[in-house]
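Protein chains: 2
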Amino acid sequence: MPFELSKDFINRIRDSIEAKDEKAAIEILDTLHPADIAEIYDEMDIDEAKFLYLLLDKEKAADTIAELDEDDREHFLKFLSSEVIAKQFIEKMDSDDAADVIGDMDEEKQEQVLSHIEDIEQAGDIVDLMAYDENTAGGLMAKELIKVNENWTLTNCLREMRKQAEEVDEVYYVYVINDNDILHGTASLKRMLLSDNRKKVKDISNKDVISVKTDTPKEEVAGIMEKYDLVVLPVTDSIGRLLGRITIDDVVDVIKEEAEKDYQMASGISEDIESTDKVWVLTRARIPWLFIGLLGGILVANVIGFYEVDLGMYPEMAFFIPLIAAMGGNVGVQSSAIIVQGLANNSLGIESTYKKLGREFVVASINGVILSVIIFIYNVFASDTYALTLTVSIALFSVIIFASFFGTIIPLALNKYKIDPALATGPFITTLNDIMGLFIYLMIGRILFATL
Amino acid sequence: MPFELSKDFINRIRDSIEAKDEKAAIEILDTLHPADIAEIYDEMDIDEAKFLYLLLDKEKAADTIAELDEDDREHFLKFLSSEVIAKQFIEKMDSDDAADVIGDMDEEKQEQVLSHIEDIEQAGDIVDLMAYDENTAGGLMAKELIKVNENWTLTNCLREMRKQAEEVDEVYYVYVINDNDILHGTASLKRMLLSDNRKKVKDISNKDVISVKTDTPKEEVAGIMEKYDLVVLPVTDSIGRLLGRITIDDVVDVIKEEAEKDYQMASGISEDIESTDKVWVLTRARIPWLFIGLLGGILVANVIGFYEVDLGMYPEMAFFIPLIAAMGGNVGVQSSAIIVQGLANNSLGIESTYKKLGREFVVASINGVILSVIIFIYNVFASDTYALTLTVSIALFSVIIFASFFGTIIPLALNKYKIDPALATGPFITTLNDIMGLFIYLMIGRILFATL
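Note that the protein sequences, when read in sequence, are chains X and Y. So the first sequence is numbered by the numbering used here: it starts at 1 and just counts up by one. So the second sequence is numbered by the numbering used here: it starts at 1 and just counts up by one.
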């Protein structure tokens, strides 16, 4: 049943567009959800997309525009007049989507579009929402909600809700406010269905309502909705007056973005990119970490250069340079990833940093002993010099301990100073551990080769 | 307003437990959500948790148990008899949570607990759900839902819903079925509120309902709910009979797990672990990739060993071994991360592999030229030998091209053969690129040092 985009499907649509066969195209589009049509737009050039767009009924066209990703939407809206954008799209959108779409335009276009919105209240809502930082609850919320006064009877309440419901797409909860607009609770539709109509709203309302303020950071909003399994979360101003609500679908995007951002950081990618982005965007997102890696490599070259004479005498010392560097990097990335993920999930608990370091030290010691013994046994058979055998095992163990320590302490320290701890993963920690690891390795090597 | 766990707070609770001050403890617990109490349990030993548990009212106690994470819950339930588990917890849970909790027990305990559930229908629902693979829609769904026949009038329908609603926590949609239980649509509570009571259900129902089958993989379920912004998704059997529904809160967990799994893979962690897990769990999750890294390091040592004589003559060749290895690793991880994330998000579109490789080649060439020129300029000033200067730049450029190629093609190939493409990131691709990069570097070095 779910739609899957295929080359054949795109070709069928292309054929109908080339033949200007509107009937065939309409037949295809009719069966599709706006989110599917948005995927198709993604594959089309602007003329093809416009041809399809004119065939959609107005409601579906507006929904499709809301589903497009930012770049595509901007590209597409450029070809439409402010009036068409206002009347055919914005007026049919929820206030949060409308604020996002208008917020992406330049100021002049924003004013033009807003001036064409007939419903002054709607235009006002959109302007209100555009004022909030997009990384806060205010930037995520929509104005559409159903609110009832706690002193009304259920009969009054149902009548009022019939009026308000026209504007709201999905009704999950009804918000209960007092005479001053202060949020006092929620009333579920289920309880309204099951209760006597003469009761007052406050008698059936749930007073334990979880809410956030407009300036709550979006990561915190996501954390709260996730932890308490909420589908919708009311937003108030600083004195508790109800202003809007955030729905879970917007927060799923935040949760995903967060998780993906950490992954991209760990992979050395500095912007949110997709494989289909332009070459220049991809290059720009990738070169900063590569440049840092290059600088690290030059530093490492200088560390090794310090031991040039030793390497000239004992070139076999060079054999294990990559192993030591790689293991330091791997262990450091593991340690920091565990901390970064714990911080992101708020799952580190309340235990102290010392306790974390202690546990990490034990884990590192176990791994260090196991791996050092394995490489020792390998070298007993494979290596000619006892000095090298001993150097590699001692260095490997030391590097694993140090890398665990830095991998744990650095993200915790960054987090303490409000810097994104994910910075500590990926190329940064790899490079740091390369330098430190080789310094330890070569120093131990110099001593052991000289004495044994 | 949202609760935040602190050391002080835990100490206050501990104090009240030690003093056996039930009143103080109840006062603290009363203000908290079950999800908060579960966080507190997480910090307590079993006796402390039991003391608190006995103070909770039964409903809240059941909700708290459902919020605990698997390990804690298993640990806690061990201390309770099957009858208590059945009557005080399971009977108050939604069928999907109940099936999860019972599914974690050993077979004997499962049977005992099931035998103590009084409501035969509920026990039957749980047994039905336990039969589904936990990685499919069947494993995610709950049986509780409200369904009405399409031929009923709204008046009939409301009466029937009042009956069914007692059992269902949250009502988002009412499902519309025909006489054979086949899912034919949904009816929103909003439209019911707004419509004339004499209408038939089918007149106000939305027939374009998106549903999945019980055997749809959970990743696909998550993708569908995310794409279409669904809060709840009905599940049918293979001929379309309505069996259950999946709510977004369960799918948020799937979405997060997916994103985190990729991150953990990229960081060389093979199990879903938390920083507070036991030492042995942490060690077990980390050593497999470290072992692979070690094997890779040994292979690399052999590649370098092949050039021992060259390194003895030109020890400065060793300086840039870590740089070449690290850059190969970094570029490879970047390339594979972009593909892995694209596959996970289904955002690669329908373009061919050739086109992807072509774009990747252009990006790699740009980055390669920029970085090779930088290191060339550095070496012109820093290095004594022209051979080394040239070797490093040529090798760096080649390594970047090769690493991009492998980083792109390997996850795509793995995905084609239904192997998790995230395997291609992290230590695996780093090690592969180490070996390849150093082979290229040393080969070019041998040639250039011999000829220049």
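Just to be clear, a hint being listed does not mean it is correct.
Here are the simulated PhoX-like pairs of lysine-lysine, each with C-alpha atoms no more than 25 angstroms apart in a straight line [said to hold, decoys possible]:
{"#": "1", "chain 1": "X", "residue 1": "Lys60", "chain 2": "Y", "residue 2": "Lys418"}
{"#": "2", "chain 1": "Y", "residue 1": "Lys227", "chain 2": "X", "residue 2": "Lys50"}
{"#": "3", "chain 1": "X", "residue 1": "Lys190", "chain 2": "Y", "residue 2": "Lys163"}
{"#": "4", "chain 1": "X", "residue 1": "Lys202", "chain 2": "Y", "residue 2": "Lys163"}
{"#": "5", "chain 1": "Y", "residue 1": "Lys163", "chain 2": "X", "residue 2": "Lys58"}
{"#": "6", "chain 1": "Y", "residue 1": "Lys207", "chain 2": "X", "residue 2": "Lys207"}
{"#": "7", "chain 1": "Y", "residue 1": "Lys7", "chain 2": "X", "residue 2": "Lys190"}
{"#": "8", "chain 1": "X", "residue 1": "Lys7", "chain 2": "Y", "residue 2": "Lys418"}
{"#": "9", "chain 1": "X", "residue 1": "Lys418", "chain 2": "Y", "residue 2": "Lys7"}
{"#": "10", "chain 1": "Y", "residue 1": "Lys163", "chain 2": "X", "residue 2": "Lys200"}
Reference listing, derived: stretches of chain X covered by chain Y, where coverage requires no fewer than 3 residues with Cβ under 8 angstroms from a Cβ of chain Y [said to hold, decoys possible]:
{"#": "11", "stretch": "72–85"}
{"#": "12", "stretch": "90–97"}
{"#": "13", "stretch": "325–331"}
Since the hints were derived computationally from the structure, they do not count as laboratory data. Note that this is a predicted model, so its numbers are computed, not measured. Glycine included, each C-beta is placed from N, C-alpha and C at the ideal position.
Given the hinted pair Lys418 of chain X and Lys7 of chain Y, is their alpha-carbon gap at most 25 angstroms?
Within the cut-off at roughly 21 angstroms; holds.
Examine the stretch 325–331 of chain X for residues whose CB is less than 8 angstroms from any CB of chain Y, and state whether their number is three or more.
holds (count 6)
Next pair to validate is Lys207 of chain Y with Lys207 of chain X; report whether the Cα-Cα distance is within 25 angstroms.
violated, 36 angstroms
Does Lys58 of chain X lie within 25 angstroms of Lys163 of chain Y when you go C-alpha to C-alpha?
Not satisfied, since the Cα-Cα distance of roughly 40 angstroms exceeds 25 angstroms.
Going straight from one Cα to the other, do Lys7 of chain Y and Lys190 of chain X come out at no more than 25 angstroms?
violated, 39 angstroms
Do three or more residues of the stretch 72–85 of chain X come closer than 8 angstroms to chain Y, measuring C-beta to C-beta?
Result for this restraint: violated, n = 0.
For the stretch 90–97 of chain X, do at least 3 residues have a Cβ located nearer than 8 angstroms to some Cβ of chain Y?
violated (count 0)
Lys163 of chain Y and Lys200 of chain X were given as a pair; does the straight-line alpha-carbon distance stay at or below 25 angstroms?
holds, 22 angstroms
Verify the proposed pairing of Lys7 of chain X with Lys418 of chain Y, using a straight-line Cα cut of 25 angstroms.
holds, 21 angstroms
Sort out whether Lys418 of chain Y lies within 25 angstroms of Lys60 of chain X, counting only the CA atoms.
Given pair Lys60 of chain X, Lys418 of chain Y is violated - Cα atoms ~36 angstroms apart, limit 25 angstroms.
Hint check: Lys227 of chain Y vs Lys50 of chain X, CA-CA at most 25 angstroms. Holds or violated?
holds, 23 angstroms
Given the proposed pairing of Lys202 of chain X with Lys163 of chain Y, does the C-alpha separation stay at or below 25 angstroms?
Holds, at roughly 23 angstroms.
Hint compliance for this structure: hints 1, 5, 6, 7, 11, 12 are broken, all remaining hints hold.
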